[in-house]
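Fit chain B to the given chain A structure using the hints.
For reference, the chains in residue letters:
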Amino acid sequence: MTKARLTRLGLGVASAVLALLAAFAITSLVLIAAGDPVGEVWGQLLSWPEQRNWTNIINNATVLFLSGLAVAVSFRMNLFNIGVDGQYRVAAFTAAVVAGEAWLPGYLNTALAIVCAMAVGAIWAGIAGVLRATRGVSEVISTIMLNAIATSLVAYLLRQVAVREEGSNSLGTKQIPEGSRIGGIPFGDFEIYGFIVIAAIFGFAFWFVLNRTRFGFDLRATGQSTTAAVASGVSVKKMTVATMMISGAIAGLVGLPILFGDAYTYGSTFQSGLGFAGIAIALLGRNNPIGIALGALLFAYLDEQSNPLQILVGVSPDIVAITQGVIVLTVVISYELVRRYGVRLEQREVARALASDRSDKTQEVSA
Amino acid sequence: MTTSGYAESIAAAPPRARRKLPRWWFAAALFLVLFALSLLESVTGADDLVSRGTVAATLIAVVPIMLAGLGGLWSERAGVVNIGLEGMMILGTWGAGYFGYHYGAWAGVAGAIVMGMLGGLVHAIATVIFGVDHIISGVAINIIALGAVQYLASLTFVGLPGGGQTQSPKIEDVPSINITFLGDFFGDIVDKNIFFVSQTAAVAQALVTNLSWLVVISMLLLVVTWFVLWRTSFGLRLRSCGESPSAAESLGVHVLRYKFVAVLISGGLAGLAGGFLAMVASSNYRDGQTGGRGYIGLAAMIFGNWRPGGLLAGSGLFGYSETLGLRAGGDSVHALLLAVAVLAIAAAVWQARQQQQRAAVITGVVAVALGALYFAIDEVPSDFSTMTPYVVTLLVLAFASQRLRMPAADGQVYRKGSAG
Chain A
1 MTKARLTRLG LGVASAVLAL LAAFAITSLV LIAAGDPVGE VWGQLLSWPE
51 QRNWTNIINN ATVLFLSGLA VAVSFRMNLF NIGVDGQYRV AAFTAAVVAG
101 EAWLPGYLNT ALAIVCAMAV GAIWAGIAGV LRATRGVSEV ISTIMLNAIA
151 TSLVAYLLRQ VAVREEGSNS LGTKQIPEGS RIGGIPFGDF EIYGFIVIAA
201 IFGFAFWFVL NRTRFGFDLR ATGQSTTAAV ASGVSVKKMT VATMMISGAI
251 AGLVGLPILF GDAYTYGSTF QSGLGFAGIA IALLGRNNPI GIALGALLFA
301 YLDEQSNPLQ ILVGVSPDIV AITQGVIVLT VVISYELVRR YGVRLEQREV
351 ARALASDRSD KTQEVSA
Chain B
1 MTTSGYAESI AAAPPRARRK LPRWWFAAAL FLVLFALSLL ESVTGADDLV
51 SRGTVAATLI AVVPIMLAGL GGLWSERAGV VNIGLEGMMI LGTWGAGYFG
101 YHYGAWAGVA GAIVMGMLGG LVHAIATVIF GVDHIISGVA INIIALGAVQ
151 YLASLTFVGL PGGGQTQSPK IEDVPSINIT FLGDFFGDIV DKNIFFVSQT
201 AAVAQALVTN LSWLVVISML LLVVTWFVLW RTSFGLRLRS CGESPSAAES
251 LGVHVLRYKF VAVLISGGLA GLAGGFLAMV ASSNYRDGQT GGRGYIGLAA
301 MIFGNWRPGG LLAGSGLFGY SETLGLRAGG DSVHALLLAV AVLAIAAAVW
351 QARQQQQRAA VITGVVAVAL GALYFAIDEV PSDFSTMTPY VVTLLVLAFA
401 SQRLRMPAAD GQVYRKGSAG
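Chain order of the listed sequences is A and B.
Using our numbering, read the first sequence as starting at 1 and increasing by one per residue.
Using our numbering, read the second sequence as starting at 1 and increasing by one per residue.
Next up, chain B with everything else stripped away, as it sits in the complex:
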């Protein structure tokens, strides 16, 4: 398994404390991660941990996971579990392929959102109106969506230039941001190879070179989600539907209406995630393009404790490990092993000081095993970096579940008038 400083910053939160993380924790965590990775680069000699290419690829990998997670956040905050995210993403990939090819890039984006919302509509009708179990409905949507896009693809893409049963023709690119003189400036700093400074410059360079507008919009959506859900009365009401729907209804909130809207938005965001995969991460719709990212998005949301900031941290971690795995990252992932081992030692010491002897021993053993593994092998097989997000999520669920708190009425079917 691998992890970066994201996990550390979360683990560093004091136990059972109600003390909240300061506002700037995210910036601090980012800084720490960057510093740790720079240190790791110079210690292990792995040179692709923070290159411009890695950072750019990470951004591309993070955004669909984050958007899917945001979709999950909207619906689960309103109390509807959405494991149909994967299916809604799949619908989005086709929407982007079809509308993007025929009507241009931004129509593709809109098409992806609309197709995702269609999936959300089915989920909303089934769970909110008919009171179907949320998991069953989600599974059904995943089955339907997979069949539907394959059916639609053979209906719409066969016979088009470059299109076929399993892929769409090439879609027009979404415009991207390019600030050449800044890019060159940062590029020079990167070449100077100064510890930490060069790595920071690589990040900055990636942010001004070929940065798709869709990446920027997606990040804005995260901020907007946070603002709407936690800073407006609409958001408060929506969250109250996920915490205690009967109390909300007794205060005059239209619980079902809020749930319905939340699931629709959830579908739209998941659809956009699929569209991003088709239009930015690649340049056409392809069969099986989502590759389970809907589930990873769900995992990132749980990892992030049903909060936008944590969700971003989770998607960052998963996206980064995915990127390293793809960029012939056996070497990079190997270097990360060392970092995890050091982190585990730190955690063991900390646990020992907290009088948690048994936990400390276990963590210590894990740390030693990881360290031994680091020196025993030269490269981590790519299959293991693929499974990293899932293993990390399982571990987080297993060991930090006391600190996770999902919306109290999440997953429960609510029938109108239950408030009595």
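The shape of chain A in the complex, shown without the other chains:
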């Protein structure tokens, strides 16, 4: 590893740490202003989780990782897929219906459901992509609209296909048959979602496609400079639609770990709001799969550790939502500040190298 790369890595880690420290400081200020016990809150948040909590953290992180990955794809091309929230709900609902009907036996059924979910997610995001490419509609606005439409649409469709479980008031799709569920990976006395393997594969594929293929190069090039991309023969319109659809396809996976590993049915109480966390995590992880994984772990960790706050110290666990939101802002600000610092560092380095070069020459001449 060259020195320049080492410096860059160091700066990257430093900016993330800086952002986290700033966010923790702001959270502490909020706690102090509200008169809540700061020390006890951090004592609980930073205590070592038990195995049961670790299981939850890893499971939630799997879900958040996929969400962050979906957002990151679009970020790489300078598109804002705010619509992961709607995309994963439409997709998870589709997967639940397909898997619940069980047209195919065993894991074939699972595979079919996953493919359907990805396809539906891709189509839902593709609408925004097509509108952007053909009519110049901002994908931010159209995905926000599509989120809201997804909410109503899924609510309506759910009522059409729902079966009421015995002794329960909640509506849900048919239970997924046992042979099509994805079993857990043993973790001490508990089990981690088996879907984590699929998530990891997608994480690797994300890195490989973006950094090692022609398509990934085109995508990143379009994100950094549309004109340069056009000059090298890339069709920006095609790339826009393709990127949105890939982003949507990954978004289609977000709800599936829960669906196949825990819930086995899509109901009105299915977890929502995972898409917006994905935006924060993609930013925190700088659109890099390993960074996103760490960001997802951090968010899941904060969520899990904050759960008992109300009982233990009498503080609402919603305080970590403030922390998470603030992280989004501090991350962006600190990356920018550190980037400027890095540029200055580089300039100084180059200047010094040039100066020493010149002084060498002068010495030669005088000698």
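Among the clues, some could well be false.
Not everything, but these chain A residues come out facing chain B in the computed CB check (under 7 Å) [claimed, not checked]: (1) ALA133; (2) ARG135; (3) LEU158; (4) ILE319; (5) VAL332.
Everything labelled a hint here was simulated from the structure, so no lab data went into it.
We treat Cβ as the ideally placed atom computed from N, Cα and C, and that holds for glycine.
Showing chain B alone in chain A's frame:
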């Protein structure tokens, strides 16, 4: 999808024409809408399209959307995209709940505005001073605001009578206007059931019965916004920051200062929108009260082409469809289907005469499909009336985007001294 004559009045504007709509277009559009709805009532037999209750409920539904849209207008006219409106509204609902309960109704209004401005302050600091991408900052504010009010609610409302983690105690009402003798007079006319006259009377009756002062103030704010932004030098400078900040700076305008102020005002208006939801549309703060209205406000502003009049038309359309959906409106929304089908036929004929054959065919097919739908079903499921504003916005963006013109430098980060 549904639409009312608002959309028609906009679609009726000649294409590629620079011809401006006459001053009184809004009054004319309102008149047309009322007439069309009266006609629709007598054709379809749906009787709740223009009742006093519907009109009053529509006003209540329109105002928060319009205020949020106004917030968006202020900031986007200065070149700062604000999708944090939703979060600022959420802050406003808590502000109204807390200050309204402890210090009375008008303190609640002020509290809502101040809380919204706090959200605006965060957005302004992030986007204007630190140059953070506007969308990222907006998303962050929405996350923070949601967490913050839930945290604050459990801190401040737990233990109060009727309060709890998810709701505040009842807030004192904002005073309202009641002109009894006029209300009775209009009520008599409504009962006579004369075509169009009764419907107009129902509107008038709604305007003199239990009309909250906050509704009046909000409408005034719309007029004030129009005046300040389009008729004063302050407004001209502010808009120049959204169109061409470097040109503005070279003329000596403090671009960053104007943007900062605009985003603060934007936050205050969004906060007021939240306060309205807590104090007028209901009578206490409740968790999840905004229900995405910040986004609808943004949509209304885009629908209205970044202009106050269009914004009002957009919020009117969205608020009306929301109201019909809530008032067991399956029947009413169903009736509107017919109106939309007729409008679509008219549009198809018009397009055909403009030599736009392909567009005309598409519109014609849509019209026939809607007409068929009208006769095929008896009632539109409420979920579809909920999604109406969003679908309409998508369609408007998709089909009228050439006619929309947002501020030229909207959403771009401006750094001081870029004018060179």
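Do the hints match the structure? See the list:
no., hint, result
1, ALA133, "violated, 12 Å"
2, ARG135, "holds, 5 Å"
3, LEU158, "violated, 10 Å"
4, ILE319, "holds, 5 Å"
5, VAL332, "holds, 5 Å"
Hints 1 and 3 from the earlier list are contradicted by this structure; the remaining hints agree with it.
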